[in-house]
Amino acid sequence: GAGVSQSPSNKVTEKGKDVELRCDPISGHTALYWYRQRLGQGLEFLIYFQGNSAPDKSGLPSDRFSAERTGESVSTLTIQRTQQEDSAVYLCASSSWGVTDTQYFGPGTRLTVL
Amino acid sequence: GIQVEQSPPDLILQEGANSTLRCNFSDSVNNLQWFHQNPWGQLINLFYIPSGTKQNGRLSATTVATERYSLLYISSSQTTDSGVYFCAFNAGGTSYGKLTFGQGTILTVHP
Chain A
4 GAGVSQSPSN KVTEKGKDVE LRCDPISGHT ALYWYRQRLG QGLEFLIYFQ GNSAPDKSGL
64 PSDRFSAERT GESVSTLTIQ RTQQEDSAVY LCASSSWGVT DTQYFGPGTR LTVL
Chain B
46 GIQVEQSPPD LILQEGANST LRCNFSDSVN NLQWFHQNPW GQLINLFYIP SGTKQNGRLS
106 ATTVATERYS LLYISSSQTT DSGVYFCAFN AGGTSYGKLT FGQGTILTVH P
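Taken in order, these protein sequences are the chains called A and B. Heads up: take any position in the first sequence, counting from 1, add 3, and you land on the numbering used here. Heads up: take any position in the second sequence, counting from 1, add 45, and you land on the numbering used here.
Next up, chain B with everything else stripped away, as it sits in the complex (with noise of 0.2 angstroms):
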C-alpha cells in the first residue's frame, strides 16, 4: 500500500537554529502537504506542494517527485515553532480524495 515515511521522529533545537524535515513517499504523487500541529491539536496548513519549490516566510519547502521525497526546511526556529509537523499525500487512482499521513516529526525549540 502506499507509504509516507518521515524523518527524523524527533528534533530538539536551539531557538535561532535551522533544521530540514524530510519526507518519503512511495508512489506518484497527486497532491502532498505540509501541515504543523500546534500544542491544542490544531492543523495547520504549511504548504501545498506536489513538485517544485515554494517559500513562506521562515519556511520553504522543496518536492522533488521523480525521487518521491519532499523537504520542509526551517530557519531561525522560534518556540512558537515546536509542534508536530506531518506529511500527507495523495497518489490519485484508486487512493483519490485520501491523504496518508506519516507519523510526524516532533519539534522541540527551547529557549
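One chain only, chain A, in its complex shape (with noise of 0.2 angstroms):
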C-alpha cells in the first residue's frame, strides 16, 4: 500500500473490556513495530516482529498486552482488561529491510478508556 494503515482510528472503551488494534504496513516490508504515546509524552516502544517472529517484546507493560503477525503484513495488538492508564495513542510503523532502515508511520489509533 502507500503508506501504513490503522484502525480504527478511535476507539472509546470500557475499563475490563478487551480491545484490538490493526495495523497494515508499507507493502514488502519486513519489519513491523507498535508504540504508545501517552497525551503530552514522547512514543515507548512497544514490541517488533521481524517477519512473523517478535524478537523484542520488552516494552509491552503487562501480561495484558500481546500481539500478533501473520503472513509477514498485519498485525494485531490486544489489549485485555483494560484499564484507564492504558488510553493513549497506539503507532504502528515498519521499515523495508532490517532495523537500522527507516521507519515509517500510521496514523495511529487513540485509546480511550472509561
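Keep in mind that a hint or two might mislead.
Counterexamples of contact, computed for chain A against chain B with all Cβ distances above 12 angstroms [unchecked claim]: (1) 20; (2) 75; (3) 77; (4) 98; (5) 106; (6) 107.
Covered stretches of chain A (in silico footprint by chain B; criterion: 3 or more residues with CB under 8 angstroms from a CB of chain B, positions within the stretch not fixed) [what the hints assert, rightly or not]: (7) 42–55; (8) 59–71.
Derived, one-sided and incomplete: chain A residues facing chain B with beta-carbon distance under 10 angstroms [unchecked claim]: (9) 104; (10) 111; (11) 117.
Worth flagging that the hints you see were computed from the coordinates, not collected in a lab. As the structure is a prediction and not an experimental result, all values here were calculated from the model. C-beta atoms are modelled at their ideal positions from N, C-alpha and C, and glycine is treated no differently.
Reconstruct the complex from the two isolated chains, following the hints.
Next up, the structure:
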C-alpha cells in the first residue's frame, strides 16, 4: 500500500473490556513496530516483529498486552481487561529491511478507556 | 538505559526566523531519525541520519556520532512548521529494532 494504515482511528471502551488494534504495514516491509504515545509525551516502544517472529517484546507493559503478526503483513495488538492508564495513541510503524532502516509510521489509533 | 535528550523543550519563533534543535543520545548510534508530528498527530519522517549531514529544502540535519549528538536546522520558518519535533535513536545490540524517542521540542511559529 501507499503507507502504513491503522484501524480503528478511534476506539472508546469501558474499563475491563478487551480491544484489538490493527496495523497494515507498507507492502513488502519485513519489520513492524508498535509504540504507545501518552498525551503530551514521546513515544514508548512496545514490541517489534521481524517477519512473523517477535525478537523484542520488552516494551509490553504487562501480560494484558499481546501482539501477533501473520503472513508477514497485518499485525494485531490486543489489550485485555483494559484499564484507564491504557488510554493513549497506539502507533504502528514498518521498515523495508532490517532494523537499521527508516521506520514509517501510521496515523495511530486513539484509545480511550472510560 | 539508553537515553535521548532534546533541547529546547519549547521554542517560539516569528515567521522567517531560523532555529536549531538539538538531540543528545547516550550510546553509539545504529539508527537516528528526526520526525515532525503535525497537529493531527501524524509522524512525518524528516531525516534518517545516523551520521553526516543531509538537507531537504529549508531543513537540514547533522549527526556527529562520535560526540553523540544530532542537530536539526530549520531556516526561514513558516507557520506550517509548527508542531512537535522528535529525535529517535537506536543503539543496536540488545535494543536492536527499538527506537527510543526524546520528549520532543514543541515549535510554535507565529505569522
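Find the hints from earlier in the document that the structure breaks and name them by number, from lowest to highest. 4, 5, 6 and 11
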